[in-house]
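Position in the sequence shown (from 1) plus 1 gives the number in the working numbering.
Everything labelled a hint here was simulated from the structure, so no lab data went into it. C-beta: ideal position from N, C-alpha, C; glycine also. It cannot be assumed that every hint is accurate.
[Stated by the list, open to error] The following label-pair restraints were derived from C-beta to C-beta distances:
id : residue 1 : residue 2 : range
1  : Ala-114   : Ile-17    : 30 to 38 Å
2  : Arg-65    : Met-88    : 26 to 34 Å
3  : Glu-73    : Pro-167   : 33 to 41 Å
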Amino acid sequence: MSADESAPGAFHRIKIRVAGLVVDGRDVALIRRTNARGATHYSLPGGNVEPAEPLPDALWRELREELGLAPEDLAEAPRFMWLMDAMVSRPGSAPPRKLHLVYRVRLGPGVRAELRTFEDDDAVGRGDVVWLPFEQTRDLALFPPVPIADLGLAEDTGTGPALLPPLDDTNYEWV
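Model the full structure from these sequences, guided by the hints.
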């Protein structure tokens, strides 16, 4: 058996990623990066859950690392919003299947001014933290592509968590 035949294929592993839809009024925090080809993409602050790490701990670890955000900075407890099951091909090694768990994180008064303005990631480089009105996110290259623009963020809509349509190579192209 060759090395290629014994290597696990795409989506053989499963990873869980937590992300924060960090909200300040009508604005949301996104991390903007431009790749080597000049394509700009945006992501929600967050990252992979470590083995045996509770989900709330993973969310706080990622928000602290990327934004400098702490639990006492919030106006309310994080609220689970979306689950997205992603099996998307990408350059490099065989990609994992990734479950994205997105939580709404609403900032308390005056917190935004104290947060980081950039995020350094050893794997993907520096990203700028940008704040955009949620309505302007519809046409962005966003990963995961959650429907931020469709959500009324200024008020609590009362809707519960949603299982979003699966993400795969037929409906998403890696930037």
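Verification of the supplied hints:
1. Ala-114 with Ile-17: 30 to 38 Å: For Ile-17 against Ala-114, whose Cβ atoms are near 32 Å apart, the range 30 to 38 Å holds.
2. Arg-65 with Met-88: 26 to 34 Å: At 29 Å between Cβs, range holds.
3. Glu-73 with Pro-167: 33 to 41 Å: 36 Å, holds
Against the hints set out earlier in the document, no violation occurs for any number.
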